[in-house]
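Turn these sequences into a full structure, and let the hints steer you where they fit.
Residues are numbered in my numbering as their position in the sequence shown, beginning at 1, plus a constant of 285.
Hints in this document: simulated from the structure, not taken from any laboratory.
These numbers were taken from a predicted model, which means no experiment stands behind them.
Built from N, CA and C at the ideal position, the CB exists for glycine as well.
Careful: at least some of the hints might be erroneous.
[Said to hold, decoys possible] Here are the simulated DSS-like cross-link-like pairs (lysine-lysine), alpha carbons at most 30 Å apart as the crow flies:
#1 Lys478 with Lys442
#2 Lys452 with Lys573
#3 Lys661 with Lys445
#4 Lys673 with Lys570
#5 Lys727 with Lys665
[As the list claims (entries may be wrong)] Taking CB as the label site, the calculated pair distances span:
#6 Asp407 with Gln474: 46 to 54 Å
#7 Phe531 with Ala765: 46 to 54 Å
#8 Leu626 with Gly408: 35 to 43 Å
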Amino acid sequence: MATPKISTLSNLLRRSRRSLSNSSFYFSIKPHHHPNHRHFLHQKIPAAAPSNPPLRYLTAYNFLLSRSFSTSESTGQFDGDSDLTQSELFSAISTAGTGEIGADSVAEESILPVRALIWFLDGYHDFTGFPWWLVIASSTLALRLTLFPFVVLQLHKLKKIAEVFPKLPPPLPPPFSGRSFKDQLALFQKERKAVGCPSFFWFFASFTVQVPLFLLWITTFRRMSLDHHPGFDCGGIFWFQNLTEFPNGVFGPLFPLLIAGLHYTNVQIAFQKSSTGKVSEVFEKLAKYYKTYLELLSIPILFITFNVPQGSLVFWLTNILLNTFQQLALRHTDVREKLGLPDKAAVPELDSDERAKIGVKETNQPGVHGGVSVQKLSPKDLVLLSVKFLAIGNQDRAIQLLRLALKKDPEYVRALLLLGQALLQKNLLDEAIEYLECAIAKLLVAGHPTDVEDVDLLILSSTWAGSAFMRQGRNEEGMAHLERLASLEEPMDPMTKAHYYDGLLVLSSALFGAGRKAEAAEHLRRAAAYDPDRYGEFLEQCENDKDDFVSDLVSSRRTDS
286 MATPKISTLS NLLRRSRRSL SNSSFYFSIK PHHHPNHRHF LHQKIPAAAP
336 SNPPLRYLTA YNFLLSRSFS TSESTGQFDG DSDLTQSELF SAISTAGTGE
386 IGADSVAEES ILPVRALIWF LDGYHDFTGF PWWLVIASST LALRLTLFPF
436 VVLQLHKLKK IAEVFPKLPP PLPPPFSGRS FKDQLALFQK ERKAVGCPSF
486 FWFFASFTVQ VPLFLLWITT FRRMSLDHHP GFDCGGIFWF QNLTEFPNGV
536 FGPLFPLLIA GLHYTNVQIA FQKSSTGKVS EVFEKLAKYY KTYLELLSIP
586 ILFITFNVPQ GSLVFWLTNI LLNTFQQLAL RHTDVREKLG LPDKAAVPEL
636 DSDERAKIGV KETNQPGVHG GVSVQKLSPK DLVLLSVKFL AIGNQDRAIQ
686 LLRLALKKDP EYVRALLLLG QALLQKNLLD EAIEYLECAI AKLLVAGHPT
736 DVEDVDLLIL SSTWAGSAFM RQGRNEEGMA HLERLASLEE PMDPMTKAHY
786 YDGLLVLSSA LFGAGRKAEA AEHLRRAAAY DPDRYGEFLE QCENDKDDFV
836 SDLVSSRRTD S
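Written out as structure tokens, the structure reads:
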């Protein structure tokens, strides 16, 4: 019975010798009876081999391990402990040969999605012949294009939610209503389904789909980089030839800086103010805090990217760059129109309550559906309508109308002025200054204006711009605008004259605060001569050197605005 086993063993030995001749490892095999015989397992294994063979490469030498440790040379019979001895030897060889590459590698290789994606990328690389950096970039582009219809679908769902949400009852019971939370929520869900409102989980759709895919992609490229995937060591271009390395050299910080900078840019684009919709003060503050958090996140991202292989950084940079392009495209009016999305710059029509408050009558104009089509109004009519909203304290609606007026006529100075004033009332100082200085620049493009209306606009815009700078603590810039008023001649038009002396009052306050009390008193005397009842009190406080002068003026200006 030993003959078949010996024959089988001889066949295995011949096959193994052929495989050994093709192997990159050399093993010296000598007869057992030779006095100097040393089995290859007894030889010292180099401590730092350039590349360690995985365990699966040793399966060809299975019979050698069994024979050397588990057979009797005289009988050729296998011991019953051969399987146990063999597994122990494989374990020892695996531990000694692979070093630190052990449990972690096995654990990560066991992740099926990562293995599947590596297989797909290998096939794509073999089919196209592209270098690995281009494979990474183009596969990222394919991923974003695949996800884009899902993003558009999400935006459509959110659009539908925004349209029907005002018709729904509140999800929480009103105070003192006597209704339980469960009953109120049941009513809310019933009404939501009745009007066809999509699920509110659409708000988190991007997070639940895009984030896992991003993590899968970046984990896969990290795994390929750390495992020295074939071709990764020379699959880059320019300064990142080796995709398995971490950022290094003179151009090493380029990837981290670009990724962190584009993240910050994406935050600014995402939080750009649009003219549509009104949000509560609490929501506005929460959005401001969340934006600050995302901006600060740029710093840890910068440090993290220095510890990520360049293969993963190619994917990260491509993904965040495509995300920037996508955000910019989805903010474009023509793109949104093609996709059936609402224009972010569109102004909603006036509802019945707004028409009643500002005294606008119903219209039977076709296509307006009983409302006022603000989209068809001229810039002048839009400005007049915005003034009515400013009069009732609705700055948000006025700002929407004024932005629409400027979209139709960017050179309309009165719209610039009123928009700056409305933003100033909402304490949006930087944006208010931008529009007010734009109005001043247009008025002074041909020197000091002489037309009555233009002079009035220059006085108002200079006064409000100076006030905005002063509120920011930028006194020198504010003083430059306010001192422009002192260089103007007293207007003849009654309304313009009143605005002129109001501006001198603000100038006097700034001069008094800067310690230039004599100049402040001089301007106040001129104002008091024009209207003693309005300006006489301020003159008296200034001449008596009372600090109440500035505080009283601030209170007066807040009341006027």
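Kindly indicate which numbered hints from before are broken by the structure, ordering the numbers from low to high.
-> none
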